[in-house]
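Enquirer: Those sequence lines, one after another, are chains A and B.
In this text, residue positions in the first sequence follow our numbering: the first is 491, and each later residue adds one.
In this text, residue positions in the second sequence follow our numbering: the first is 4, and each later residue adds one.
No lab work stands behind these hints: they were computed from the structure.
Remember, predicted model here, so these are calculated numbers, not experimental data.
Be aware that one or more of the hints could be misleading.
To list a few chain A residues with every Cβ distance to chain B over 12 Å, as calculated [claimed, not checked]:
1. S508
2. W510
3. I522
4. L527
5. I534
6. P541
7. G646
8. L647
9. L676
10. R683
11. L698
12. L726
13. E734
14. T743
15. W749
Derived Cβ-Cβ restraints for the label pairs, each shown as a range [claimed, not checked]:
16. A:P521 - B:A214: 29 to 37 Å
17. B:H229 - A:T525: 49 to 57 Å
18. A:D688 - B:Q40: 27 to 35 Å
19. A:S675 - B:A323: 36 to 44 Å
20. B:G290 - A:P521: 16 to 24 Å
21. A:T623 - B:I32: 51 to 59 Å
22. A:V760 - B:I81: 26 to 34 Å
23. A:A645 - B:V41: 25 to 33 Å
24. B:P287 - A:D688: 43 to 51 Å
25. A:V616 - B:D256: 48 to 56 Å
A partial selection of chain A residues facing chain B, derived with a Cβ cut-off under 7 Å [to be verified]:
26. H564
27. T623
28. A681
29. A684
30. G686
31. T689
All residues carry an ideal CB built from backbone N, CA and C; glycine is no exception.
Each chain, written out:
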Amino acid sequence: MTATALDAPVAVPVKSPSHWANVVRRFRRDPIAVTCLVLLLLIIAAAIFAPWIAPYDPYKTSMIRRLQVIGAPHYLLGTDELGRDMLSRLIYGGRLSLFMGLGPVAIALVVGGCLGVAAGFLGGWVNTAIMRTVDVFYAFPSVLLAIAISGALGAGLLNSIVSLTIVFVPPITRVAESVTTGVRSLDFVDAARATGADTFSIIRVHVLGNVLGPVFVYASSLISVSIILSSGLSFLGLGVKPPEPEWGLMLNTLRQAIWINPIVSILPGVAIFATSICCNLVSDGLRAAMDMRR
Amino acid sequence: MSALPDTRDRGGPNQPLLIVTSLRKYFPIRGGLLNRQVASVQAVDDVSFSVRKGETLGIVGESGCGKSTTARLLMRLIEPDVGQVVFDGEAVGAQDGISVRDLRRSMQMVFQDSYASLNPRLPIESSISFGQRFQGIGKVEAAARSRDLLARVGLEPNRFAQRYPHELSGGQRQRVNIARALALDPRLLILDEAVSALDKSVEAQVLNLLADLKAAFDLTYIFISHDLNVVRYISDRVMVMYLGKVVEIGPVDQVYANPRHPYTSALLSAMPSMDPDHRTEQPPLTGDPPNPINPPSGCRFRTRCAFAEDVCAVAPALTALDPADEHAVSCHRETAGSGHSGAPAS
Numbered sequence: 491m492t493a494t495a496l497d498a499p500v501a502v503p504v505k506s507p508s509h510w511a512n513v514v515r516r517f518r519r520d521p522i523a524v525t526c527l528v529l530l531l532l533i534i535a536a537a538i539f540a541p542w543i544a545p546y547d548p549y550k551t552s553m554i555r556r557l558q559v560i561g562a563p564h565y566l567l568g569t570d571e572l573g574r575d576m577l578s579r580l581i582y583g584g585r586l587s588l589f590m591g592l593g594p595v596a597i598a599l600v601v602g603g604c605l606g607v608a609a610g611f612l613g614g615w616v617n618t619a620i621m622r623t624v625d626v627f628y629a630f631p632s633v634l635l636a637i638a639i640s641g642a643l644g645a646g647l648l649n650s651i652v653s654l655t656i657v658f659v660p661p662i663t664r665v666a667e668s669v670t671t672g673v674r675s676l677d678f679v680d681a682a683r684a685t686g687a688d689t690f691s692i693i694r695v696h697v698l699g700n701v702l703g704p705v706f707v708y709a710s711s712l713i714s715v716s717i718i719l720s721s722g723l724s725f726l727g728l729g730v731k732p733p734e735p736e737w738g739l740m741l742n743t744l745r746q747a748i749w750i751n752p753i754v755s756i757l758p759g760v761a762i763f764a765t766s767i768c769c770n771l772v773s774d775g776l777r778a779a780m781d782m783r784r
Numbered sequence: 004m005s006a007l008p009d010t011r012d013r014g015g016p017n018q019p020l021l022i023v024t025s026l027r028k029y030f031p032i033r034g035g036l037l038n039r040q041v042a043s044v045q046a047v048d049d050v051s052f053s054v055r056k057g058e059t060l061g062i063v064g065e066s067g068c069g070k071s072t073t074a075r076l077l078m079r080l081i082e083p084d085v086g087q088v089v090f091d092g093e094a095v096g097a098q099d100g101i102s103v104r105d106l107r108r109s110m111q112m113v114f115q116d117s118y119a120s121l122n123p124r125l126p127i128e129s130s131i132s133f134g135q136r137f138q139g140i141g142k143v144e145a146a147a148r149s150r151d152l153l154a155r156v157g158l159e160p161n162r163f164a165q166r167y168p169h170e171l172s173g174g175q176r177q178r179v180n181i182a183r184a185l186a187l188d189p190r191l192l193i194l195d196e197a198v199s200a201l202d203k204s205v206e207a208q209v210l211n212l213l214a215d216l217k218a219a220f221d222l223t224y225i226f227i228s229h230d231l232n233v234v235r236y237i238s239d240r241v242m243v244m245y246l247g248k249v250v251e252i253g254p255v256d257q258v259y260a261n262p263r264h265p266y267t268s269a270l271l272s273a274m275p276s277m278d279p280d281h282r283t284e285q286p287p288l289t290g291d292p293p294n295p296i297n298p299p300s301g302c303r304f305r306t307r308c309a310f311a312e313d314v315c316a317v318a319p320a321l322t323a324l325d326p327a328d329e330h331a332v333s334c335h336r337e338t339a340g341s342g343h344s345g346a347p348a349s
């Protein structure tokens, strides 16, 4: 054929960068997203290495050093209403708060992803059964649903993870279903079916790779929601119990001190806000980086 | 690479490779309360034809006439409502016939949209070798085979095997699609508008490639296109479809030189000509094709036909014009004794 004549022989095989290598390359060109990712990694690292980083024991109370201001001697970020070091508590609090942010989203990503892909790819009555069940959960506002489930199950870490997972499964299922439906109608899926491949292999090789990206980006935007919701649950006394350091719970207990020492009182809120906005901006950057056309 | 015809050729040279009988697909339109079926799109209605070994059958018609649906029905990508398909003497899906799985090994398809028919996340070598694993070919062998095929379709394997679809041009992608279709060593290749989206020079290259591959791999083609010039160039026989029905089928020279169905004549006179003396001033057909949800009763073309008479309210059957059964047309005007004023005397 003519084209072979045009193509000069090349000794070295050309290997194109994989899709994910391209995503990383494009992500690195986005300074805001990179900054947020670094901040997020710092917060995560601080939480993981809390025992080595935190200057004081986060549980150690001191009646004489209550509600110190920011910059007080020995207490960089002041102390809370029981005289515990705020910096240490914020660092330790990141452990639970991040866990509550990532845990429910990760579980919901697996469950919702499977449900959505199954509904989208199989269609028909499977789709109807899954999607109409999911619709039921949409009837409730997410905050109310989380509170209701947590309230019914009782306070506690595990129960709030369960309740938040239930809150996040429906939206992830919906996104996965709509993306899968779009992918399924593309010709390469038909071409794969025409080779006699079984449904599971087609989903694994041809559907998941194309569905995972958008669903993952959507799920990463839910991490901040999860942190805020779990903080809300703790605030209401449905999540973590005192004296456990957790950002939402700290906000709750410090609210009585808002008139005495407002800046220290809002510090857990600042931590929640910073983590959430970093998550959102990183997921925005990821979404842009995954766009094949750039 | 080319499989030996004697091991695969079960029915002998005179057995048509494909016999399609009364193929029908109505797509239901659901709506209203309880999702009841309120109507149906009569995409393919009572289509019968056969494809001989080694020939190229062109299928032409306007968009929406059921060409692509016919292709997908043959591949069993959609299930037909009614109809029988016999592949080399073996009925598809029948107890003693050929299974859909085996059929798909013997019959492959190239789609129109070269980009949508390749997984954007897979290097093209993986796309080509994917299907082979389900037909009992090992991973290493499949990869080697994929590279061989890439070379066969004119893409240097070292340069292209690890590329992604978006890095290739339309023509290169369509070559990859052809390589993928050939990976299972099929006997029949359905080309559904495979060259329609390519620009003219690339289209010519791919057509030449297809002709080379046909000889090298002992293939039979079903070539679906709306481009009458291309169909004439590549086909041995041509089948004209209108609103889900076959209106005319015959050897390509005969049909092009002497079209018998009024629709075929109109279609051919709408063909762009390079010769200024042959330009058409008048539109050969007016109006749009009727809605396939509510096609006209009787002959489906009668609402646009210049020769329509009362008798056309009865659906005409596909009738052979010559004793050899080569050229057949579905029109009362060509059928002796049909009652049409223009019908030949019997």
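Enquirer: So which hints don't hold here, by number, going up?
Expert: 1, 2, 9, 10, 11, 16, 20, 21, 22, 23, 26, 27 and 31
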